[in-house]
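Visitor: In case you want the letters, here they are:
Protein chains: 2
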Amino acid sequence: MKCGAWITAGGDTHFRVWVPNVDCLHLVADGRRRPLEPLADGYHQLTLPGNREGMDYMYELADGRLRPDPASRHQPHGVHGASRVVDTGAFPWTDSRWRGISLRDYIAYELHVGTFTEKGTFDAAIPRLAYLRELGVTAVELMPVAEFPGARNWGYDGVSLYAPHHAYGGPMALQRLVDACHAQGLAVILDVVYNHLGPEGNYLREFGPYFTDRYRTPWGAALNFDGPGSDAPRRFFLDNSVYWLREYHIDALRLDAIHGIFDFSARHLLAEMVDEVNAEAERQDRPLYLIAESDLSDARVVEDRERGGHAVHAQWLDDFHHALHTSLLAGGEGYLEDFGGLDDLARTLTRGFVYDGRYSRHRQRRFGNSSAHLPGERFMIACQNHDQVANASRGQRLSRLAGFEREKLAAVVLLTAPYLPLIFQGQEYGETNPFHYFVSHGDEALVEAVREGRRREFAAFVSEAEFADPQAESTFQASKLDWAKLEREPHSALLKLYRRLLDLRTDRKSLGNCRKDLMSVEVDPERLWLRIERSSEGGERTLVLANFSAEVVEVPIPGETQGLELLLWTGAPSYGGEAVGPVPFMERNRITLGPWEAAILAPLK
Amino acid sequence: MKCGAWITAGGDTHFRVWVPNVDCLHLVADGRRRPLEPLADGYHQLTLPGNREGMDYMYELADGRLRPDPASRHQPHGVHGASRVVDTGAFPWTDSRWRGISLRDYIAYELHVGTFTEKGTFDAAIPRLAYLRELGVTAVELMPVAEFPGARNWGYDGVSLYAPHHAYGGPMALQRLVDACHAQGLAVILDVVYNHLGPEGNYLREFGPYFTDRYRTPWGAALNFDGPGSDAPRRFFLDNSVYWLREYHIDALRLDAIHGIFDFSARHLLAEMVDEVNAEAERQDRPLYLIAESDLSDARVVEDRERGGHAVHAQWLDDFHHALHTSLLAGGEGYLEDFGGLDDLARTLTRGFVYDGRYSRHRQRRFGNSSAHLPGERFMIACQNHDQVANASRGQRLSRLAGFEREKLAAVVLLTAPYLPLIFQGQEYGETNPFHYFVSHGDEALVEAVREGRRREFAAFVSEAEFADPQAESTFQASKLDWAKLEREPHSALLKLYRRLLDLRTDRKSLGNCRKDLMSVEVDPERLWLRIERSSEGGERTLVLANFSAEVVEVPIPGETQGLELLLWTGAPSYGGEAVGPVPFMERNRITLGPWEAAILAPLK
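Chains A and B are the protein sequences, given in the same order. When we follow the working numbering, the leftmost residue of the first sequence carries the number 46, and every step to the right adds one. When we follow the working numbering, the leftmost residue of the second sequence carries the number 46, and every step to the right adds one.
One chain only, chain A, in its complex shape:
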């Protein structure tokens, strides 16, 4: 049953909340205290005459505690304060002609609303959308926006899961941003967290059995998706997924860390969510998608229903990042120790999961199953993202870690791969500002725990002077994009490369088709070159050559260079290369690439 507060078709204001095993519950608003009517199955409801948009309210629990609505649409005073009635249906949408884009065409741009612009609001992001459209991406992916404690947070500490954050501008501002995205032809992916709630302001447990102690997550109590009383918690999250797609016109949801969703029941929450999202897509007559972040290397997440899968539309493929990262930079700690460079890069390009049942040193067990049979559009890949920059690389982007030439190489491999690419904000122009982990909790003990946790984690790598205190506002400020760089070299050269790559991906059927079956990949693990040949059903071919070494290498090609047209060469002066001419040295059947260079070629028409 739908929960929260909304304006009915008749123009009245309806409140509904789930508090099982409680006879009497009160709505406190307007200085009055009104009892709710108990319904079956633990729900309670109340209708107030008239449209109460803007009215603040709280629920009074049995012992007098006042709590915000678990399904609050707006928390203008933060996670601890009153909820506000919002008429999300009143927004003057202008996107009636928006029909969405098909999954295969998703090229995502991950952004964090608070650091994407100086002001850090939904509205402030709008003027940047034209830039994104011109860049060539097709979807904006917003890091979680649900109300979290304080004004600065990545979003994974959200506790009011139906309320767009007040510091970002609240509900209507999010609607404005989505509407503006659609006006630019951009889809919107929203990151949502269905595996835990944030550590501060989590009042959900006071309302009912939303949590369980049968399972443990690294981030907090596991949600109750398969124990006694779990129907309503499941409904709460199922409704949440459809809520964003319906009331905010979101096009796809990125489901955070589904390996923290523990559901041993006979119908997995994700399978049920896919069914409801598919039904909603039919209702709205536009494609809607779920894209899971999964650390399971389990093909069943995206596998078809008839083959026993949850049939989630796509999932993140972090293996691509790890294989690319270890091909660009030797070594790496944590999960990177499991990845060995070019061979693994070739494996992830062709098979998806690098660990398909093999022993993983990092995990200390055999890990994963095979995803080799799945089409490329089931996977989203990145060479940087918020986690990889902030956690794995301690805030440092590839621009700092690998430098300009390797940034270009990463871009070529990312955008010519048969998967759905994701670009992390600023990556396209080589932003050198860090992306740190930051919070603004109100609970001092919690702040200290978070701070000490990060300090310990980074102690071996980062001096005390360099340590970015997650609670400090300066850490947040330092993580903002510096758009002035766009005008300067080498940033503008890199941006030019990204634009060209995205143009090629869009224009060339062989690059944009996600068809792994029409692709061949070859690597030379000694001389460290990679050669990808991609084709389209119509017979179009594209050749991608990449040198993963600091040496000059000759890459053999099938056929003769005479028959090939050079579409892109990262060594060209226009992309900030130091070469004199616009083309690499070509012999009869080989092409010479300088250190970390890449080239894209196609047969002459």
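Among the hints, erroneous ones may be present.
As the list makes no split between identical chains, a pair holds if one copy fits it or if it spans any two.
In silico SDA-like cross-links for lysine to any residue, where the CA-CA straight-line distance does not exceed 25 Å [stated by the list, open to error]:
(1) Lys-47 x Arg-411
(2) Lys-47 x Gln-409
(3) Lys-650 x Leu-180
(4) Lys-541 x Phe-256
(5) Lys-164 x Val-507
(6) Lys-47 x Ala-175
(7) Lys-47 x Pro-121
(8) Lys-164 x Leu-381
(9) Lys-47 x Asp-401
(10) Lys-650 x Arg-352
(11) Lys-530 x Trp-143
(12) Lys-541 x Pro-570
(13) Lys-650 x Gly-557
(14) Lys-525 x Pro-332
(15) Lys-164 x Asp-224
No lab work stands behind these hints: they were computed from the structure.
Use these hints to put chain B onto chain A, whose structure you have.
Guide: For chain B alone, coordinates are given in the frame of chain A:
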């Protein structure tokens, strides 16, 4: 890697044990202390020259603790004592012509070695096998035999999972029993516990990360099947399953409570176990099966691999018990509250799971998925078993709870259903002795905890004077079968009925074929009759009529009674009925059944 101690092909004695992250480990035996050689992946091994059969040994851990072998084949001094070298390969098997029986033909007889006979040993059970063969069952199912603390236990407190209990006679005695079963044409199902270890003598955790705190089971720490270091624990249990099938010639394993096996990895332990058991069946050239006890109502347990299932060969279908029980006896607490008599009985006969996604009051959530498409041989059913008698009915059998007429009715429905039937020891002759829960732990605090747990559980139903103290030897003694009853009425009449029913099931293709698609079921929920019509592919038909009320009812039949032959009527004097004649009253198209009576008919040839 195989662990334990065994005699090599060359006649030497080999020891292998998994103790990761330890450099040095010692074998203590014969008054000597010998270092083991560390292998890769945390294994350690040692070969002693010659066949050391009968030698006692222990492992000395780093700090000097002496512990039995986790994979000990024999614990002659109990769970805390030394392990003994056993040459399981030396047994003089006589079953070389045993080719096993196909799953569809399994008619199981569950027995508890300690209470099945006065002496309570493997050997003492052997003279009873001829009786079981004559009864008509095809498989003996042994409650768990792995070494548990003390001499009396159901077996679910086992801790030495490779060691047949010393009080039952140890390894060779189990081999003798299995060999004798095969000589009688009986298959052997062994109950094994892969979801927890017993609370006393569990030294496994001192050897390595066998357990995890990520999940919780009601019976103790969850086993580590998907965390760091879980490959060897998985291997320990996978090897255990094949060990029984290979070294003890067991035909099938009953996997206890698989809902306590938590495995979120990309390859579920059960799927892997099925693969290894199937490979072993091919190696041995006889059918081998896994039959899971599952409380998940999840068809994926037995579903084919291509459809995303684990492909376990069969699973217990407790819903049949619950539906039958509530049809015979009104009311019922605990999970019985979810079942409503005849309608649910018809549902479970045709669809398997009664809860296929519907809301369950007992579980307080929607529960289960559909098993309606699965063939009957995927499910094993019972109208009594150790759990239902001891736990759900506080030790009382149907003979006490329902009485003779209803016992007969239960037998008819059980043995004409399109599933694999299981008979609980003594049920076939209406044993009236209770079957209690009993233990003989050595740890006084544990004893008190178990005792108090049971006392609390039964407080509302059982007076202090009637309370069966689980630790008392008298509780165990009271649970033994009283074979003298066989000679007395009404026991011998009930036995006669069981024999006739099993004959019919074996002789009539329409009764033994597990084909739910060739079956129709009708119930009258007002007048409380049930009519089942079963057919074979060849067109043979059998009609089963049952009266689930204390009133006389007329059951309509399709066609005319003239065309039907009466195969069995529970009201007949030969089955202890009080009727004068040998047949029920029949009219043109209806048959009159007395209270709780049943009849089986077939078209005249």
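Visitor: Hints first: check each against the structure and report whether it holds.
Guide: Results of checking the hints against the structure:
1. Lys-47 x Arg-411: between (42 Å within a copy, 17 Å between copies)
2. Lys-47 x Gln-409: between (43 Å within a copy, 19 Å between copies)
3. Lys-650 x Leu-180: neither (27 Å within a copy, 83 Å between copies)
4. Lys-541 x Phe-256: neither (49 Å within a copy, 54 Å between copies)
5. Lys-164 x Val-507: So Lys-164 and Val-507 fail the 25 Å test inside a copy (29 Å) and across (71 Å) alike.
6. Lys-47 x Ala-175: neither (36 Å within a copy, 64 Å between copies)
7. Lys-47 x Pro-121: Within. Shortest intra-copy distance 22 Å satisfies the 25 Å Cα cut-off; inter-copy 62 Å does not.
8. Lys-164 x Leu-381: Neither: 35 Å inside a copy, 61 Å across copies.
9. Lys-47 x Asp-401: between (40 Å within a copy, 24 Å between copies)
10. Lys-650 x Arg-352: Intra 42 Å, inter 46 Å, cutoff 25 Å: neither.
11. Lys-530 x Trp-143: neither (33 Å within a copy, 81 Å between copies)
12. Lys-541 x Pro-570: For Lys-541 and Pro-570, the Cα distance exceeds 25 Å both inside one copy (30 Å) and across copies (76 Å).
13. Lys-650 x Gly-557: within (19 Å within a copy, 70 Å between copies)
14. Lys-525 x Pro-332: Neither: 33 Å inside a chain and 66 Å across chains, both beyond 25 Å.
15. Lys-164 x Asp-224: Classified as within; 19 Å inside a copy, 81 Å across copies.
Checked against the numbered hints listed earlier, the structure breaks hints 3, 4, 5, 6, 8, 10, 11, 12, 14; every other hint is satisfied.
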